[in-house]
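Chemist: Here the protein sequences line up with chains A and B, keeping their order. Going left to right, the first sequence walks through residues 1 to 383 as the working numbering numbers them. Going left to right, the second sequence walks through residues 1 to 418 as the working numbering numbers them.
Some clues are possibly wrong.
Said to hold, decoys possible - Chain B is nowhere near these chain A residues, computed Cβ spacing over 10 Å in every case:
1. Leu-36
2. Ser-77
3. Arg-259
4. Glu-284
5. Leu-323
Unchecked claim - Quick list of the computed label-pair ranges, beta carbon to beta carbon:
6. Ala-105(A) to Asp-62(B): 37 to 45 Å
7. Val-335(A) to Ser-132(B): 46 to 54 Å
8. Ile-244(A) to Arg-110(B): 41 to 49 Å
It should be emphasised that the hints constitute simulated quantities derived from the structure, not laboratory data. Cβ coordinates follow ideal geometry from the N, Cα and C atoms, glycine included.
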Amino acid sequence: MLLLLCTSAQAHKASTSYLHLSVDGGKLDARWDIALRDLDYAIGLDASGDGELDWGEVRRAQARIGAYALSRLAIRSDGRPCTLRLNQLQIVEHGDGNYAVLNLAGACPHTPIALAVRYDLLFDIDALHRGLLKLDFHDAKSSDAHDAADESRAGLFSPQQRELRFIRTQGDALDVFTEYFRAGLAHVWSGLDHMLFLAGLFLPAVLRRQGRRWDSPWIPAPRLGIALRDTALMATAFTIAHAITLTLAATGAFTLPSRPVECAVAATVLFAGLNNLWPMVYRELFWLAGAFGLIHGAAIAGALIELGLPPGGRVWALLAFNLGVEAAQLGVLLVVIPPSFLCRRSPWYRRLVLIPGALLVTLAGLAWLIERGLGIDLGVPLP
Amino acid sequence: MIVPRDVSRRFVRGVFLACTLVCAVSPAALAQTRQPYTPADDALVLEHVGLPRAPGVLQLRDVREQWLAEPGNYAISLAYARVALDVGRQEDDPRYFGYAESALRPWLDRAQPPPEVLLLRASLRQVRKDFSGAMQDLDALVAAAGPESAQAQLARATLHLMQGDPAAALNDCTALDRRIDPLLGGICVNAAQGLSGSAASALAALDQERKTALKASLPVRIWLLATAAGIADRLGQADAALADYADAQALLAAAGTRDPGLLAAYADCLLEQHRDAEVVHLLAAGTRIDSLLLRLALAERRLGEAGDASMTVRADEHSATLGLRFDEARQRGDSLHLREEAMYQLALRHDAARALQLAQQDWQQQREPIDARIFLRAASVANSPQAAQAVLEWMRRTRLEDVYLEKLTEHPAPGSAP
Chain A
1 MLLLLCTSAQ
11 AHKASTSYLH
21 LSVDGGKLDA
31 RWDIALRDLD
41 YAIGLDASGD
51 GELDWGEVRR
61 AQARIGAYAL
71 SRLAIRSDGR
81 PCTLRLNQLQ
91 IVEHGDGNYA
101 VLNLAGACPH
111 TPIALAVRYD
121 LLFDIDALHR
131 GLLKLDFHDA
141 KSSDAHDAAD
151 ESRAGLFSPQ
161 QRELRFIRTQ
171 GDALDVFTEY
181 FRAGLAHVWS
191 GLDHMLFLAG
201 LFLPAVLRRQ
211 GRRWDSPWIP
221 APRLGIALRD
231 TALMATAFTI
241 AHAITLTLAA
251 TGAFTLPSRP
261 VECAVAATVL
271 FAGLNNLWPM
281 VYRELFWLAG
291 AFGLIHGAAI
301 AGALIELGLP
311 PGGRVWALLA
321 FNLGVEAAQL
331 GVLLVVIPPS
341 FLCRRSPWYR
351 RLVLIPGALL
361 VTLAGLAWLI
371 ERGLGIDLGV
381 PLP
Chain B
1 MIVPRDVSRR
11 FVRGVFLACT
21 LVCAVSPAAL
31 AQTRQPYTPA
41 DDALVLEHVG
51 LPRAPGVLQL
61 RDVREQWLAE
71 PGNYAISLAY
81 ARVALDVGRQ
91 EDDPRYFGYA
101 ESALRPWLDR
111 AQPPPEVLLL
121 RASLRQVRKD
131 FSGAMQDLDA
141 LVAAAGPESA
151 QAQLARATLH
161 LMQGDPAAAL
171 NDCTALDRRI
181 DPLLGGICVN
191 AAQGLSGSAA
201 SALAALDQER
211 KTALKASLPV
221 RIWLLATAAG
231 IADRLGQADA
241 ALADYADAQA
251 LLAAAGTRDP
261 GLLAAYADCL
271 LEQHRDAEVV
281 HLLAAGTRID
291 SLLLRLALAE
301 RRLGEAGDAS
311 MTVRADEHSA
321 TLGLRFDEAR
331 QRGDSLHLRE
341 EAMYQLALRH
351 DAARALQLAQ
361 QDWQQQREPI
371 DARIFLRAAS
381 VANSPQAAQA
391 VLEWMRRTRL
401 EDVYLEKLTE
411 HPAPGSAP
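Bound conformation, chain A alone (with noise of 0.2 Å):
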């Protein structure tokens, strides 16, 4: 019956750490002060047993804490891993408590434009526990080591954001557009539904459909040219609606609820499937890819608002990106036309290609729809 007792009384603040990671060129130092009650609870160190924990308890444990500690942090830059090691053990205090302070030092394969920081201390044992991060990137080529940090980014690690990147922005401007042209690519090429949509929209563009009905006969395209030049005109609408909407939502022209964007794009995928098994579309389907890319772009301004837009050159940073979604698209499909072109006349595509891949897209399209619509899991992966 305890249990029922209300205590209105208010507590101290849960278990916090504090890292605060500096990038200087592609050196890493960071100061990472995590208390050290919380130290004790996850690997013991008051090794007498008093409940006391005093420096010397501390001192040996050096070894085990930055083992621990490290073994639950990762810096990866560029996509590469980063070293760190542990210095130094000092001691801080801080409003509840003292805490270990870790000094650290490391180095990076290179001058790292997207860093992505990893974290998963405590939260295992402690559901609550939270991490702040504070980083700072140095101009490599300042003089001074000292100087104020050029651009400073804040995070905040918890059990369901154990990763959080950082794009430089105020680097040099063909950094900046490299990074942004490389995350588009990435966006199109690890994106499931974004590749799925494509698939479907893109299946059909070496045989076409005559006609609305489920048994409308397949006409195969004339050259490979005609082919290439349809796909890449679709794409191409679709790049341009997507960098409209993307560009607005990004600047915050509009802001849309994410819910019923995200359902759309699902739509758009089940209609994309669809579309090959009972054509209700069927020519200039580039108008279905431009209405098509106005939705998926605005499903991915929140990803990439999230990513960190350099405030100073956005316009740069979104064209970077779109142009790198662009790319995606068009490398996607110089891979996959000219095969399927070649094999076009053969019914075999059509048996073993086009009719499952288009089934296939269309089960995913509907799988998603529900999972978003109506909050069901039904263990489809979400893209």
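Fit chain B to the given chain A structure using the hints.
Modeler: Quick look at chain B alone, frame taken from chain A:
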């Protein structure tokens, strides 16, 4: 043992010198609290990790060992979560709530958590001030009418009380009265009536129960004493209230446990009577808990203003620590301490505008008489009594009897008089 006289004299002089030095240096030391350092002495104690005064801790350590060995075992996880929640309440420390949540994670992630887990989740949500989430869980448990429903209904009654809805609490208490221990049901009913226009009769009814309560379990006895003390205090019978608070505190101390909520209410009552030295004595060991540290600093500040310079030094130090804790909590996105932060801004930082803002936010979370008091005081000092209109309306609606609130509404803005 015989100690040479000059050695003992040197020792006394040394201690005296050290004390003077500490007092003189502490404001300077305060400014540097955030500088990392390497201790010179291995024997320097940095942290108390054993929590010797909490009787649940030994058990917590054992059950945690079992959990680490078998994190998927339902019975062990449930036991670990329960003990952690209990210790968290005694220590008023959210770390333990985090441990409990981690232990329950596999079952919390299910679409339909088992009722025992749901009951614990309601408690975890309540301590995190997610009152609507807690209410949802308790509603579901009461509606399911399973073995947990009586406990859930009692918990829902206390939740209604915390949110300033004694009428809803009374409904739950009355329904409960027939289902559980009549003493517990009776305290529940009187706690609700004590907040809704029948304070005197509720207090008399609670007095009738005192004898029966002698045989009851410790938490039930504490609840009766704390409820009676709260009502007496609001009726202007501070001496009776303080006697009950002292009895409750003595019972808890004898059992080797504590209840930070009770201590805070006890201290508030003493502060209202300007018995500041007693507050300092009562809370000297409670500096780890924000709500208690705040009351301690308030008492020290007043004693300092009355001429005790050493108290001013301690009040400054404790006030700085509190400020740091509130800042750090805000950085991590918590807004759990709105009530205490409003009190801190009003009485220790003298920022009435900020205090009023915090009191308004606090009022959206919880509505106990103490929240109303802070809201009215902040509004009055900030010269915007109209800001607290919601409180006046709430007082009219619930028919709350409270001498402190009545005094505050009679003189809405002492500072604004021409």
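Chemist: Hints broken by the structure, by number, lowest first?
Modeler: 1
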